[in-house]
Amino acid sequence: MVNRDLEELNQMLQIWRACTQDDVNTGKDKSRELEERAAKTSRLEAYLLKGFLEL
Numbered sequence: 004m005v006n007r008d009l010e011e012l013n014q015m016l017q018i019w020r021a022c023t024q025d026d027v028n029t030g031k032d033k034s035r036e037l038e039e040r041a042a043k044t045s046r047l048e049a050y051l052l053k054g055f056l057e058l
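Under my numbering, the residues of the sequence shown are numbered 4 to 58, in order.
Source of the hints: derived by calculation from the structure; they are not laboratory data.
Please note that a few of the clues may not be correct.
Lysine to any residue pairs mimicking SDA-like chemistry, simulated, CA-CA at most 20 Å apart [claimed, not checked]:
1) Lys53 - Glu36
2) Lys53 - Asn6
3) Lys43 - Asp8
4) Lys53 - Gln14
5) Lys43 - Gly54
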């Protein structure tokens, strides 16, 4: 159950990254918004890693 949840969260993170990269490539986003997204992504990665290590 926990492994499946972590896998789903990882998939969501990959989608988030792909969307962010698309915005960078097309120039649709402002740099400040991208910085905020990067910070949120880093926090999510840290949360996922912490949860994985606690298994």
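What are the numbers of the hints that this structure violates, sorted from low to high? Per hint list: single violation, 1.
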